[in-house]
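S.K.: Read off the chains here:
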Amino acid sequence: MSDHLSDGMSEDDLDERRLRFTADGREYFRIWIVNVVLTLLTLGAYSAWAKVRARRYLYGNVWLGDTAFDYTANPAAILRGRILVAVALVLLWFTQILSIVYYLAALLVLLPLVPWVVVRARSFQLRNSRFRGLAFDFRGRYRDAALWYPLSWIGSVLTLGLARPFTVFGRDRFLVTESRFGRKQFGFVGAAGRYYLLYAVTAVVVGVLYIGGVIALILAMTAAAFASGADMDDPQPDMRLFLVGTLLIVAAVTLFVLAYLRARLLSYRWSSSRLGNHAFRLRLSFPVMLWLYASNAVAIVATLGLFTPFARIRVLRYVVDEFRFLESPFEGAVEAGEAQRIGATGAEAAGEFGLEIGI
Amino acid sequence: MSPERAVPCTYHDGRTSRGWSATLAITADAEVVIAIEGVDARRVHPLAEVRIPNRVADTPRHIHLPDGAVCDVRDNDTLDAMHSAAEGGAATRGRRFGRLVHRLDSTWRGAAAALAVTAAIVYSFTEWGAPAVATLAVAVTPPEAEAAIGDNLLTLLDQLGFLEPSNLDQNRRNELLAAFEEMKRDTGVEAADLHFHHAPRFGPNAFALPGGSVVLTDQLAHLAVHEEEILAVLAHELGHVGGRHVLRRIAQTSSMLVLWTVFTGDPSVAALSSVAPDRLLAQRYSRAFEREADAFAADYLLEAGISPTRLGDILRRLAEAHGGDDAATWLSSHPGAAERARNAEEAAQRSLR
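These protein sequences, in sequence, are chains A and B. The letter at position 4 of the first sequence is residue 3 when you use numbering that gives the first Met the number 0, and the numbering goes up by one with no holes. The letter at position 311 of the second sequence is residue 310 when you use numbering that gives the first Met the number 0, and the numbering goes up by one with no holes.
Do not rely on the hints blindly, as some may be mistaken.
What the hints assert, rightly or not - Derived coverage of chain A by chain B (criterion: at least 3 residues anywhere in the stretch with Cβ under 8 angstroms from a Cβ of chain B; other residues may be distant):
#, stretch
1, 22 to 30
2, 34 to 41
3, 152 to 163
4, 249 to 262
Since the hints were made in silico from the structure, they are not lab data. Virtual Cβ for every residue (Gly too), placed ideally from N, Cα, C.
Next up, chain B with everything else stripped away, as it sits in the complex (with noise of 0.2 angstroms):
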């Protein structure tokens, strides 16, 4: 039992915190022989009960013996070596699936792929994981749960002065109403109604909250030259209100606020460097779901017998009265203006074959 090859190491005792210059080896026979310099003294356990633990880049590795002494290791290599003649084939689970992590994150080429499946992964939870949690999330709420975040945040909107009681003639109020009703039968959409305001901070605007309240500006009723825009305005509304868009995207964020924790290991971390992804998704997802709420309103105009073109007339004098189209569609939250007024004359094109 005369081991060939031996690493330097420091041996601690685990009572006092001296140490003393020593060797370690592995020998064949798998046993740790640990030899003490200046004293004559030799320390040998059965391999299976001294604790080697895995290689962490080059940091020394602490090897402990069964009663508290501790045996400080600077060559990994040698020690590595050492240790895989002795084990043989007979590495546990745990050592081989400790090598392998030690070879991916000791290079680049490792850490490369690490990064590429990151990436990959990343990319399909925000494609189609974070949709398909936000269905699951909005098939549990219960409406009744919607329904009181809706009413908050109205109440919070009365109560910041934003929403302002409604101008409009009260016989065009009751005619809208009237279509309104209509149109949630048509539709299928029961659950949502319909409130005017004045609220000169939104300008030309309607917009649906969680729970289904509708709400229609008096500015944006001005701006319509013809009824049937503002029907077609309330049943891209009623599109949102039916496929419950406000509180999945509440979902699909914070479902990516979960995986950008996961990322970085840290939630205040993840809320911070998830900033730039956070924003862009939202507007992905939320320029989806105008799209979805504009192909259900020119369903339901085709049905009604109204022509969607009225929707695209409407968004573009919606984009003059806000400054002109939005060409940066990636940053913004609704497709642009002249591709969505596109969209409900293509709409309104396949009606007529």
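With the rest of the complex left out, here is chain A (with noise of 0.2 angstroms):
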């Protein structure tokens, strides 16, 4: 691995500092089901204040040393963002009814601003992080986001995927380099080859999971045809055994891409992330991510969802606790000089539109 610092440090020279997590399934039930239940009495407008209330108890939560990360962002931005992106959802769903023609001319109206919502979004999510005082924040640029947005999907598609562990690797690239904290900015080392290859082992093991459940599930549908007795001239397939065994094969193509390919990213982008001379190291480890989304699943299907904060502090609690802050020693403390340029944060993320979406 190429996870050598730039000036010729290794991370056997850094101290390796956890993160802990104090969170709690049971406190985030209920944090959980009070959100829910306000959310509801309130036809959707009280989701904006869930949010931020459920990551606040969340960064709350997280520690380095003895203080906590803060979540900041302002409810009233959310709803605002919520409302403007409902709106344009609206719209486009209105123009599909109307025409093809009026579909397609939205969609290339809406096209142009999905860069600009990429850059809000991740600059408002780090701007209201906050650790020590001190802000998180993204200052990527628009024509940077449009070629890692909207362009390379196109060429993702143009070249039928085998341009997307690139475009992958740019993206990761271009949000972690842009970001921020105080006035330290994010480095980047990784290498686009390491993407190609765990879309490659993904690719194949999503292969060989299709292939060998539809030769399974025709194998298993022919012995139940003959199991039957039924007309051996013209055996009627059983529709049930057909859909549980398409339901299971998907189930399976989904948990590894879960518990393989995304674990396995995160794990990379976050060991290949520098923090001027400070390091991190994220190792995720396959069989218990696949233990813990399976699980996971099954549980919030048993408890018609009642399970999922439960779910969610699992898995959050294994991933906080694999983390790692490789501190630089020659850099001096973290704890000190980190100087913030003044008037980046605040007042202006605060304001207009808090639009945040899954990135």
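Take each chain as given, in its own frame, and dock them per the hints.
M.R.: Okay, here's the thing in structure tokens:
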């Protein structure tokens, strides 16, 4: 792994520090259920306050040393952002009903807005994340975002997905290198080759799961048809077996992509990130992630969704426990000297629209 | 201005990440006083200029001063006591609401109340909300759009090889078509048309698609011992067409998914956690539609001078052909055949009175 730091240092020279996660599933469940009922009673308007409250609980339970993280987003800004997105989606839906021409025209109008939304969303998210009185920040430019969002999607499609690992690599590098903590900028030492490796392994395993699953399903359905002693000349397939089998194959593929690809990408993105001469390490284990996701899915279905907050805490606890902050002793403790550019935070982020999307 | 109570806190000036040990107090004349240890520095701000976030469980409170400095306080209870005392009765609405939310979500009693109200809302929405939304959605969906959905489905079934050309005698088909036209006139459900198909995969069956296409399989025609039984089945399917049941069902299921998205706060988790309730509800809604269509058929049959027991007869034979009566009505999309046959017989009894 090309994990060497820029000026000849290696990770061995760094002090390994762990994060502490003090959240409790039961406590988070109570916050979650009260959020749900208030959101239902306000016909969704409270959802922005609910989001901030849940996130404040989670951030406030992640500790580095003796300080917890702080989430400062203004719920009213999030609500305005959500209304904006909802209006855009409803308009898009209406054009779809009217005619395909209007729909395509609307898409053409909305597409240039995507990079803007991406930059706004990430800077809103980071500017409202604070640690030791300093805010994170994101200063990605529109034209870089335009390269890694709509343009690279088109590139992925045109190359039948072959460019996909490269565009994900480019997107990660863009999102990380334009991020800051205080005045210090993040760096990224990841390589596109690793993304190709992860995607290649995923493609092979998903292919095997699909083909193996389909063959197993065909065998099972044939066996079932003969076992039922049905008309041998014209055996009728068992539709129920077919549906259950298809569902199992899709579930297996989804679980693998979540527990392997997503976890490895997240690990690699963090392990390749730098903050000055500080580094990070995250190594999520595939079997553990697989167990967490699979058992969470079963528990969520079995409890009609009531397990959702516990599931969230279980995954976060594992990820935070595995996370390492590798502190550079030559850079002085992170406690001192991350000077903040005055005026870069606060007012401008709190106002206007808080766009937040999952990126 | 000497505060009696103070909480320990960590002071950050907002320009460097260095933390200073300090104490924070809120005085009776509504001033926030921060005394930094080691250096002889005090900061005093009016309470109104300081942002004290609402409490979330027992997470540290990050108190923001106007110039970007932050004080981290761990002792939430003392902070809240000082804050309340300084505010007196003048707490803002946001502050009072924040305290209410904290009282609710910091105790199991509050969480239980929230859970009970949530359950009541979900139940009411299932029982009355989703059907009302469906009625509205059906009212605003133009018949052309509905017909387009139905045509697409029919083409799809055709392409998948589920539907083959009918082998029924042309005269018999013409007679049934004529009877169907008459039925449409009599019931006022004009937007419907009848298709005959040989469909070994469906077996004896009949179904209505959005937009009014009714498909009758040859296998069902062979199962009937009397032509009136087929008319009874067609009247039942026409009941589905008249009530636009397929469209309503789509609308009801989608509105439940929206509710579940609000419930879990995430569409993908919603899709996952709504699997079980969705199956149950879809079945319940669909059984309600079957009963409605049965009643529609019974009404028509009585009008046309046909005994509603014809519907019960063919339903029984259908259930046998498909492998016995389905006792698990909760999980079944149709009410039990025995129950439906009984309903049909009761309708016939009523007509005799």
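S.K.: Now look at each hint and say whether the structure bears it out.
M.R.: Verification of the supplied hints:
Counting residues of the stretch 22 to 30 of chain A whose C-beta sits closer than 8 angstroms to any C-beta of chain B gives 4, which meets the bar of three, so the coverage hint holds. Coverage of the stretch 34 to 41 of chain A by chain B holds. Counting CB-CB distances below 8 angstroms, 7 residues qualify, and the rule asks for three or more. Here the stretch 152 to 163 of chain A counts 0 residues with a CB under 8 angstroms from a CB of chain B, which misses the bar of 3, and the coverage is violated. Given as covered by chain B, the stretch 249 to 262 of chain A fails the check, having 0 residues with a CB less than 8 angstroms from a CB of that chain where 3 are the minimum.
Going through the hint list in order, the structure does not satisfy hints 3 and 4.
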